[in-house]
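Student: Start from the sequences, fold in the hints, and give me the full structure.
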Amino acid sequence: MKLVAVTSCPTGIAHTYMAAEALEQAGRAAGHEVHVETQGAAGSTPLDPALVASADGVIYAADLEVKDKQRFAGKPFVDVGVKKAVHDAPGVISAAVAAVESAPAASTPAPPTAAVPAPAAAADRGPGTGTRVRQWLMTGVSYMIPFVAAGGILIALSFMLAQVAWGGAQGAVEVTAVDAAEVVAAFDPASLQDWSVILLRTGQLAFGFLVPVLSGFIAYGIADRPGLVPGFLGGAAAVFVGAGFLGGLVTGFLAGFVALWISRWNVPKGVRGIMPVVVIPLLSSAVVGIVMLVLIGRPIAAAMEGLTSWLNGLSGANLVLMGALLGAMMGFDLGGPVNKVAYTFAVTGLATEGLTTGAVQYQVMAAVMAAGMVAPLALALATTVRKRLFTHAEQENGKAAWLLGASFISEGAIPFAAADPWRVIVSSLVGSSVTGALVMAFGSSLVAPHGGVWVLPLIGNPLGFLAAVVAGVLVSALLVVVLKTVKRDPLVAADRADDDDRDLVAA
Amino acid sequence: MTTSAATPLITPELVAVDLHATDRVAATRALVDLLAAAGRVTDADGFTADVAAREAQMATGMPGGVGLPHARSEHVVAPSLAVGKLAQGVDWGAPDGPARLVFLIAAPASGDADHLQILAALARRLVHESFRASLLEAPDARTVADIVTREVVPS
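Protein chains in written order, with the numbering used here: chain S, 1 to 507; chain G, 1001 to 1155.
The set of hints was computed from the structure by calculation and includes no laboratory data.
Remember, predicted model here, so these are calculated numbers, not experimental data.
Idealized CB from N, CA, C, for every residue including glycine.
Honestly, I wouldn't trust all of these hints.
Straight-line distance between alpha carbons at most 20 angstroms, and here's what the computed DMTMM-like set of lysine to aspartate or glutamate pairs gives [stated by the list, open to error]:
| no. | chain 1 | residue 1 | chain 2 | residue 2 |
| --- | --- | --- | --- | --- |
| 1 | S | K84 | G | E1129 |
| 2 | S | K67 | S | D79 |
| 3 | S | K84 | G | D1091 |
| 4 | S | K67 | S | D224 |
| 5 | S | K84 | G | D1096 |
| 6 | G | K1085 | G | D1033 |
| 7 | S | K75 | S | E33 |
| 8 | S | K269 | G | E1074 |
| 9 | S | K84 | S | D63 |
| 10 | S | K2 | S | D48 |
Covered by chain S, per the in silico footprint, the following chain G stretches (three or more residues, Cβ under 8 angstroms) [stated by the list, open to error]:
| no. | region |
| --- | --- |
| 11 | 1101 to 1110 |
| 12 | 1123 to 1136 |
| 13 | 1139 to 1150 |
Pair ranges (Cβ atoms, derived) [claimed, not checked]:
| no. | chain 1 | residue 1 | chain 2 | residue 2 | range |
| --- | --- | --- | --- | --- | --- |
| 14 | G | A1056 | S | E65 | 17 to 23 angstroms |
| 15 | G | G1097 | S | M1 | 30 to 36 angstroms |
| 16 | S | E33 | G | A1038 | 38 to 44 angstroms |
| 17 | G | A1049 | S | I290 | 40 to 46 angstroms |
| 18 | S | V277 | G | V1025 | 29 to 35 angstroms |
| 19 | G | V1025 | S | S54 | 45 to 51 angstroms |
| 20 | S | A53 | G | A1109 | 36 to 42 angstroms |
| 21 | G | V1025 | S | E65 | 38 to 44 angstroms |
| 22 | S | N266 | G | A1049 | 31 to 37 angstroms |
| 23 | G | P1008 | S | E65 | 30 to 36 angstroms |
| 24 | S | E353 | G | V1025 | 58 to 64 angstroms |
Tutor: Here it is, written out as structure tokens:
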């Protein structure tokens, strides 16, 4: 069995390394391969991503927050603390082995969309530039999503409450016109209107963090901790000049590389101690802030306004076309780069300031989420109605895919696409595209960035949304059944032959 | 004063082969005094407090009768190891009994990576039963220092 482990301790000079050595020893003694990343004071060399990918399980013997824990997402693990590993490494190893053995078979290798970013925070290693840019971007987006979720859902709840409080649909507009400061100054717990204003304001405050968090964590992805301060500051500067999320994207990358560059300066020993606390944040923030405010802020703000007014200007056929395109992107690679571009476009759109109910950005979000649900649901349906077209493993996957699809985890379809790429992808592409277009046509909207059917109460025109998903699922499932019937998969044929043999024996 | 890697991690002056102490605090203090006498620690009280603070987070007693007090501290001049062999074991918070071998690791607050690598190597060696046994059997301070230097410091 192959295990990877992370060790760390408060001081970072003793237990981190003792635990590492003890785990390696105990692993060797028990016949397992153990690779340890020591996150101690001597600096840590990250585990080779290929090694992480091939590991059966993970041991966290860490008293500090594990750096880049996302790398290990989805793997069975034990979390024991560093002391346990020093004192009883063999016990920890056998616990890890037990965890691996009791974990469900790796039927869903893919982590959920967006909630788990790709490994990042390593600017000078690993895959190609494109992949790394996407990883940095997704680091930022993944930290932003919980803010979008919290803020978006609070705002949606506020709108729902406001419609009751004001006695009609105009409540959602009325509530935005109230000065929250006045409500706070004289809060009346019996007033539903006051409550809806408070909810709205709380949600808006959460939204206020979106661009800084996006920018800050892109920079963090690039430069690790030194990137945080200039990244957040750059994001705030982008908001200040009205450059919105586009500005935040720019400042994220700018801050990351400036911080990375400064942190690699070779400085005299005396200065080294104050580099992370004073020098890097001061210089990088100054550079990023000045560049944003003086140089690039206004042009980006103009571009941002252009994008927003272009989106708002879209109507009718154009909107449907955009829905179809975004849907196709969602369905094309099921959580891969193209899917992420469409998803990021939708989520960052939510962060646009001053959106009203039913804004195009909300419709885009609805279209993207609906389209992202299609592929797993369609394959779940196809495995249910035409079992014989799928291998046994795929039939099992199909059962899980119902839930994954309903929860907007497009990756649920990856096992199918991996086994039979073009038939599955063509079906998924067409079905998702249909769904995206229909959502736009029905004018459904969504203020939450994720959630699938679980956020149905927050969706504007939920019936239209569901109808669009169902239509796409039917189209997609039909296509995949037809394509698979036309040309049988040899793997499936082998499985079937197996079954027939068993039937013969049984008879 | 030099803080370069030329300062050896351990010298015979930093080893107490026959240490008498009634408890953890006294044993630690005796080793701190060795470091201070060798000019490795500028403020014995300050460094003792840093070690105590670390010890308070989680006792550093290890299986096999080893106590491992340690701290990164501003009062440390160069990364150093002081070793004490206790005639009478004292409780160091380890589940399997008192410690007879005490390693006090002193790391500068802003040590560079080379120094910290040496301490990391030391910590890794401590896990090995044979390493601990050879130190317990060592007859004198020079042998202890030599064993540590040979096993830990890259030549």
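Student: Of the numbered hints stated previously, which ones are contradicted by the structure, given in increasing order?
Tutor: 13 and 21
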